[in-house]
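> Residue-level listing of the chains:
6 protein chains.
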Amino acid sequence: MDKNMKQYLDKAEVLIEALPYIQKFNRKVIVVKYGGSAMVDENLKKRVIEDVTLLKLVGFKPIIVHGGGKEISRWVSKVGMEPKFINGLRVTDEPTMELAEMVLGKVNKELVQMVESLGVRAIGLSGKDGGLLNVTKKYSNGEDIGYVGEIQKVNADILWDLLDKDFLPIVCPIGLDDSFHTYNINADDAACAIARAMNAEKLAFLTDIEGVYKDPNDPATLISELQISEAKEFIEKGYIGGGMLPKLNNCIDAIENGVSRVHILDGRIPHCLLLEIFTNKGIGTAILKDGDEMYSNK
Amino acid sequence: MDKNMKQYLDKAEVLIEALPYIQKFNRKVIVVKYGGSAMVDENLKKRVIEDVTLLKLVGFKPIIVHGGGKEISRWVSKVGMEPKFINGLRVTDEPTMELAEMVLGKVNKELVQMVESLGVRAIGLSGKDGGLLNVTKKYSNGEDIGYVGEIQKVNADILWDLLDKDFLPIVCPIGLDDSFHTYNINADDAACAIARAMNAEKLAFLTDIEGVYKDPNDPATLISELQISEAKEFIEKGYIGGGMLPKLNNCIDAIENGVSRVHILDGRIPHCLLLEIFTNKGIGTAILKDGDEMYSNK
Amino acid sequence: MDKNMKQYLDKAEVLIEALPYIQKFNRKVIVVKYGGSAMVDENLKKRVIEDVTLLKLVGFKPIIVHGGGKEISRWVSKVGMEPKFINGLRVTDEPTMELAEMVLGKVNKELVQMVESLGVRAIGLSGKDGGLLNVTKKYSNGEDIGYVGEIQKVNADILWDLLDKDFLPIVCPIGLDDSFHTYNINADDAACAIARAMNAEKLAFLTDIEGVYKDPNDPATLISELQISEAKEFIEKGYIGGGMLPKLNNCIDAIENGVSRVHILDGRIPHCLLLEIFTNKGIGTAILKDGDEMYSNK
Amino acid sequence: MDKNMKQYLDKAEVLIEALPYIQKFNRKVIVVKYGGSAMVDENLKKRVIEDVTLLKLVGFKPIIVHGGGKEISRWVSKVGMEPKFINGLRVTDEPTMELAEMVLGKVNKELVQMVESLGVRAIGLSGKDGGLLNVTKKYSNGEDIGYVGEIQKVNADILWDLLDKDFLPIVCPIGLDDSFHTYNINADDAACAIARAMNAEKLAFLTDIEGVYKDPNDPATLISELQISEAKEFIEKGYIGGGMLPKLNNCIDAIENGVSRVHILDGRIPHCLLLEIFTNKGIGTAILKDGDEMYSNK
Amino acid sequence: MDKNMKQYLDKAEVLIEALPYIQKFNRKVIVVKYGGSAMVDENLKKRVIEDVTLLKLVGFKPIIVHGGGKEISRWVSKVGMEPKFINGLRVTDEPTMELAEMVLGKVNKELVQMVESLGVRAIGLSGKDGGLLNVTKKYSNGEDIGYVGEIQKVNADILWDLLDKDFLPIVCPIGLDDSFHTYNINADDAACAIARAMNAEKLAFLTDIEGVYKDPNDPATLISELQISEAKEFIEKGYIGGGMLPKLNNCIDAIENGVSRVHILDGRIPHCLLLEIFTNKGIGTAILKDGDEMYSNK
Amino acid sequence: MDKNMKQYLDKAEVLIEALPYIQKFNRKVIVVKYGGSAMVDENLKKRVIEDVTLLKLVGFKPIIVHGGGKEISRWVSKVGMEPKFINGLRVTDEPTMELAEMVLGKVNKELVQMVESLGVRAIGLSGKDGGLLNVTKKYSNGEDIGYVGEIQKVNADILWDLLDKDFLPIVCPIGLDDSFHTYNINADDAACAIARAMNAEKLAFLTDIEGVYKDPNDPATLISELQISEAKEFIEKGYIGGGMLPKLNNCIDAIENGVSRVHILDGRIPHCLLLEIFTNKGIGTAILKDGDEMYSNK
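Chains as they are written, first to last, in UniProt numbering: chain A, 1 to 298; chain B, 1 to 298; chain C, 1 to 298; chain D, 1 to 298; chain E, 1 to 298; chain F, 1 to 298.
Hint data in this document are derived by calculation from the structure and do not stem from the laboratory.
A portion of the hints provided could be inaccurate.
If chains are identical, the list can't say which one is meant, so a pair holds when it fits in one copy or spans any two.
[Unchecked claim] Once the Cα atoms are required to be at most 25 Å apart in a straight line, the calculated DMTMM-like pairs of lysine to aspartate or glutamate come out as: (1) K153 - E256; (2) K165 - D144; (3) K153 - D290; (4) K70 - E236; (5) K24 - D177; (6) K289 - E256; (7) K45 - D2; (8) K84 - D10.
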């Protein structure tokens with residue numbers, strides 16, 4: 001067999017190896033929180049969209065939830081707005097909210113465009129469409145930080161109806177309160193709430209870290225599997241800090257409310273989503289139910 | 001009968017008068033091009049949204065297509081961008097396109113929000129979602145005026161699927177070309193193309209004029225009905241000028257391609273849509289097929 | 001604005017006011033017991049049919065149940081039959097039953113015809129069709145009063161199937177017992193049983209009185225809302241007499257078995273149905289669950 | 001084998017013989033014009049209803065169209081109405097029309113009741129329900145004979161919708177004109193129009209004669225098969241007279257408009273319908289397309 | 001009436017007598033275990049297939065489960081294989097299994113062919129198709145008797161899907177274990193497991209005996225009805241022996257798990273299935289729930 | 001990046017490369033004629049089944065048509081039957097037909113079993129099931145060669161119904177004539193007829209040769225693309241001989257009757273199907289419409 005042929009056969013084998021995974025996740029909902037470097041680096045961006053599109057084409061039901069943090073900051077400067085802060089937190093006043101919505105809308109349609117260019121039917125939503133995300137005002141230690149919303153209800157029917165018509169929904173985290181005012185929502189929170197409401201099989205966070213560490217200062221302590229009782233213990237013991245704390249709380253919340261598996265993936269690795277789903281290569285940290293094992297019924 | 005009761009009975013009679021119209025347009029597609037003053041004045045805005053929502057609730061299938069002209073100009077200034085012109089036409093270069101898309105997206109979701117607040121399921125789309133609007137680059141007398149698109153194909157399936165799931169679609173006129181670049185589209189053109197693709201029963205333009213005049217300088221020459229052969233004659237004779245010319249060409253195009261009736265309505269009159277549909281009060285100018293009469297089979 | 005225009009705008013406002021009600025009762029079943037003067041006066045008749053047809057067209061699911069008392073009496077005389085009485089009650093012997101069925105059938109198709117003339121698909125049923133109403137013989141204080149039936153079972157599937165095919169069902173109160181003999185049924189009883197079996201949102205009785213009075217001799221004591229515990233108390237205290245007693249018992253029974261709201265309307269007021277549903281004008285007496293308030297979630 | 005067993009086996013064989021016919025008419029529409037003696041004699045009545053019910057249960061789609069001639073005459077006398085005649089034809093004035101509708105309605109529900117008692121879901125319709133039969137006034141040699149209608153349009157959707165919900169439709173020949181006035185229709189005409197509109201597989205007339213004779217005075221000339229060109233020839237030659245002439249014209253009309261086979265059956269023979277469909281016993285006269293043979297593809 | 005006519009009318013009466021049974025079993029699942037003489041005698045074979053095909057055509061949902069015992073033995077000899085025995089039981093080693101599968105497949109398609117020739121859509125399955133029958137290895141008193149399977153799970157979806165597409169499923173008793181090895185299954189066991197999984201209305205065993213006897217040596221003690229507590233008592237008392245014991249246990253198991261009625265029929269009587277279902281002639285023994293009576297609600 | 005990680009990323013890239021192909025063949029029917037070495041070598045067998053199962057899982061609609069030549073020969077010897085020949089062709093007499101059907105049935109269920117073991121719902125059919133393949137007797141130069149059938153009609157509904165229920169159909173080439181006798185069919189013919197009847201996107205023959213050669217004696221003359229006019233020219237010029245001639249005629253026939261692309265693949269190359277569909281590696285010979293190019297719209 002010539003070397004060329006060998007290469008082709010290797011490719012065929014890779015496809016065949018994907019077979020049990022394709023079968024396992026057939027028609028399952030997979031929520032992908034898309035953010036961080038993977039949203040800034042054009043190359044990584046393309047990889048993520050390819051991954052999600054492939055998931056859709058082989059029969060899964062992926063839903064993308066994205067943020068737009070850095071792009072919002074860029075526009076705030078561009079427009080020359082003066083940021084206000086309370087307790088060190090940026091206040092989302094009316095003009096900031098307006099601009100944030102515009103930027104998130106732009107990012108949203110850009111993702112739609114990328115998915116469409118790969119031949120898959122995408123639809124871009126904010127939490128306003130079909131009343132998808134209903135929120136109440138969120139306070140930070142009792143202080144008013146403006147139009148920041150806490151999700152009260154996800155109108156999952158909207159997403160089921162769109163999945164039913166074979167759309168790939170792409171959601172930006174904007175919501176409405178009962179008086180139909182606009183609120184910004186933390187994208188991790190939105191992804192988690194949507195995964196819960198859809199009883200998702202998987203919720204995957206694309207982040208800028210390798211995963212959860214026992215000791216954040218020691219890369220060698222990266223944890224590949226974490227059952228939720230362990231996760232809670234870690235939090236109690238104060239191992240978990242910074243941005244990871246709310247994220248891990250979201251993970252625990254998701255697992256306790258019907259999501260089967262949550263993953264904190266390193267979005268800086270190209271195709272990290274495919275690697276997680278189609279190979280037995282551990283990418284980042286998987287949060288599991290107590291008693292579950294990662295590769296048992298993966 | 002006391003006076004109070006009399007008032008109530010009068011109200012009941014108004015509802016009953018609507019009966020034949022509700023029946024006539026049951027399950028029919030009605031495309032509303034929403035623009036002009038009716039999009040600026042908060043009071044008129046509310047009236048238009050109430051009208052369209054009512055149409056939806058009584059069983060019609062309205063689709064809103066909107067522009068965002070004045071708001072785009074406001075943001076262009078705000079951001080401090082320098083406008084370029086060719087042949088007196090604004091050039092849509094990349095930064096302008098990006099900003100226009102952001103503004104249109106904002107306007108789009110604001111309309112979604114208003115419809116949702118009235119209890120109807122809306123969904124905001126640009127022509128990117130589901131590949132709704134496919135365009136090619138449009139030139140102005142052979143000059144490159146940037147990312148201005150001419151619609152080649154409307155993917156009507158997307159709209160049918162959303163109507164099927166009982167959404168009220170709200171569309172902003174952004175499209176993609178075959179290389180998946182973003183283009184701005186004239187909102188009148190988009191409304192007309194969508195009405196054609198959906199074989200709409202009605203296409204209504206909300207404008208800032210009373211209608212078509214035989215002599216634009218003489219308000220007394222307002223025409224309430226215009227069969228398309230007359231419309232063509234008017235154009236040939238040079239009676240029609242300014243912004244009305246392309247609009248009237250759009251009307252003719254729509255009627256010749258399957259739309260039953262086109263209306264140029266005065267969007268400055270509150271509830272002009274309801275008045276046109278539910279009463280025999282002539283509002284603005286109706287463009288008809290040759291041989292049709294306005295109130296014959298309305 | 002000229003006076004004419006003002007009038008049109010007022011009309012538009014009336015339609016817009018109906019919006020929240022149209023939304024609230026969308027796809028809800030509303031059973032209308034049609035009888036009394038509203039069935040005799042040609043003008044009132046037309047109003048009732050217009051009202052029900054409008055309810056159908058704007059998306060509700062009305063079902064009409066009608067009697068035919070006066071018309072039956074007219075035909076009994078016409079044919080020269082000799083009425084028999086027991087305990088002062090007319091006995092429905094075989095010839096009377098035969099004639100009653102003929103008259104009710106005639107009235108039934110006449111109503112179908114009126115609805116059809118307004119462009120809505122009606123279908124006239126007796127309780128024989130599809131085995132809709134199953135009865136047993138009813139005795140009056142142990143005395144045999146002939147073919148008078150008490151409903152044992154409503155075959156609600158029949159009505160759901162017809163609603164599913166977008167018919168407006170019009171039912172006359174004739175039923176079959178287990179041996180397939182024909183029985184006459186009190187129309188109020190039939191309406192109540194059907195409303196229960198369909199879990200109707202509303203059951204409205206068109207009557208010839210203004211509503212329930214605390215003191216029937218004092219029109220000023222008309223009650224606009226009555227929670228069922230109050231209704232029971234009134235009955236116990238003997239405030240309620242005559243034909244109102246069984247009607248009120250029917251109302252209580254309906255509310256206790258899944259119907260949300262029951263109304264005793266004055267059928268002599270034109271469009272009383274529309275007024276009740278689309279305005280906040282109290283027409284007649286509403287029977288509510290304990291704790292409910294009339295205009296809270298109307 | 002004992003004699004008893006022999007009998008049982010013979011019964012099984014009869015069922016097995018029905019197999020090819022059950023298969024052939026599976027899901028086919030069969031219109032039965034029910035009238036004459038078979039509607040008067042209680043014993044024959046029961047047989048007809050059993051037959052049609054069996055056809056329904058084994059998977060055919062029968063539709064009954066019935067008249068009520070003798071019963072109408074009986075009631076005209078009973079009520080003491082004075083018949084008017086023009087050219088020897090009874091005039092259907094308003095009171096006659098009213099009574100006729102009542103009687104037909106009574107007969108209609110009686111048939112519904114008989115079918116229901118055999119466990120099959122029947123629904124009784126007049127041509128008013130769902131706008132089933134649209135008519136214009138029919139004149140007799142230019143003379144006004146009152147409310148006698150000629151069918152212009154059959155709204156077949158109504159029947160398809162009811163068949164779809166597994167009802168056995170039973171239709172009485174009453175129709176509405178464009179002004180929604182009530183008209184009486186000849187039952188043969190109604191059956192023929194319905195069979196045409198439904199593209200029925202079979203149209204069977206239950207009559208009081210054995211079939212078509214070459215020579216009406218000679219029973220030996222009974223014709224068992226008649227191709228339509230022969231039928232036309234017979235008519236031209238004047239062989240056909242009396243009530244048979246319009247019936248035969250109806251048969252020809254049906255065959256020329258999509259009905260596969262028309263039968264003139266002797267309704268005085270019990271189970272004539274079953275015999276015609278499930279055996280090769282010729283009952284009455286079959287009207288065929290030219291070139292068809294009766295038992296070729298039966 | 002001539003004698004010929006009399007005969008036809010008798011036939012019609014037989015069909016009419018079938019009416020209540022056709023109605024009773026409409027859309028009900030009936031599992032027929034087909035085996036014994038009825039599978040060997042060409043004449044009886046034809047009768048069984050006619051019976052099942054008729055059941056299908058009149059709206060029941062029959063499923064055939066068949067064995068192939070004698071034909072397997074014939075081929076074992078033909079191929080010259082040496083049978084092995086343990087405890088007097090034939091051992092199903094690999095070559096025997098292979099041959100058994102081939103023979104059962106042949107018998108299966110032969111039955112398909114017979115049903116198809118009667119114009120009904122049949123499909124032949126083994127328990128491999130769609131993973132219909134999942135088994136574990138069965139031991140005989142702890143001894144390994146080869147590839148003999150015990151059913152663990154019936155994938156009823158497969159059969160519902162095929163019934164939904166109007167197929168008549170014909171199943172041969174082959175199954176797969178969790179490692180996807182092939183096993184032979186006792187046909188009685190397979191029929192019983194399928195009847196349970198489908199909540200069949202009836203399970204009928206075609207056997208070579210008249211039924212269950214109180215005293216197997218005295219034909220006069222044939223029992224026509226047996227409630228399951230009696231059946232259990234008979235077994236305890238040792239009245240039941242030989243091949244009847246496992247069969248009766250299967251019957252009890254079926255009744256206790258959702259099957260309404262089980263019949264042990266004498267397959268040597270032509271059309272025994274039709275006789276059992278369409279007449280009140282007791283054929284063989286019916287196993288009933290305690291308290292049920294045979295002809296009460298048959 | 002460590003070497004391990006590199007490997008994983010390469011795998012992800014392979015999956016991504018498959019994306020356009022997965023999209024292109026989404027919901028398309030692909031008929032695979034399975035035979036030759038690929039059916040004998042256990043290793044190759046596993047590869048083919050993996051390939052087809054993968055095609056099913058990623059959303060294609062594959063149908064397998066298989067032969068069983070060598071296995072039939074093996075059994076003919078085993079049973080000790082004496083082969084008869086006419087014109088050098090084996091005669092399919094009744095005993096041979098019986099045995100062939102048994103062997104094909106065994107092979108068929110073995111393939112079902114393999115597909116099931118990969119978690120996909122398979123169903124094994126012969127042309128008898130649902131009357132799938134209707135044949136007439138085929139003669140060889142006028143000589144009777146026994147039960148060899150020529151396909152007259154493919155009942156494609158059967159396959160559409162099974163695809164609709166998400167089965168992977170596996171068909172063995174047995175058919176019935178109008179008298180319901182069993183016939184053997186050439187598997188290539190069956191695959192071709194099925195591909196035509198289903199308007200398949202692709203028909204792929206797994207063979208034991210590399211493809212079509214211009215000069216069969218010179219491996220260097222392998223043709224990778226052949227437009228049908230060229231194919232016909234090759235045949236006329238006598239370049240094509242042996243078993244390739246009828247195969248190539250089948251290819252031409254398929255292309256001329258609605259199949260988009262036919263492939264003669266070398267079944268001895270593992271995963272040849274995947275390679276053909278998911279890579280741009282030319283495997284074997286593709287037969288195209290005139291004017292088509294292989295990789296233009298692949």
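> Indicate, hint by hint, whether the structure satisfies it.
To see whether the hints hold, each was checked on the structure:
For the identical chains of this complex, K153 and E256 are intra-copy neighbours only, at 17 Å inside a copy versus 31 Å across copies, given an alpha-carbon limit of 25 Å. Taking CA atoms no more than 25 Å apart as the test, K165 paired with D144 passes in neither setting, with 41 Å inside one copy and 38 Å between copies. In this homomeric assembly, K153 and D290 never come within 25 Å of each other (Cα to Cα): the closest approach is 27 Å inside a single copy and 29 Å across copies. With identical chains, the CA atoms of K70 and E236 are never at most 25 Å apart, being 31 Å at best within one copy and 54 Å at best between copies.
For a Cα distance limit of 25 Å, the shortest separation of K24 from D177 across copies, 20 Å, qualifies, whereas the shortest one inside one copy, 38 Å, does not. Proximity of K289 to E256 under the C-alpha cut-off of 25 Å is restricted to the intra-copy arrangement: shortest distance 8 Å within a copy versus 38 Å between copies. When the C-alpha separation of K45 and D2 is checked against a cutoff of 25 Å, the pair qualifies only between copies, where the shortest distance is 22 Å, while the shortest distance within a copy is 36 Å. Taking the shortest alpha-carbon separations for K84 and D10, neither the intra-copy value of 57 Å nor the inter-copy value of 47 Å comes in at or below 25 Å.
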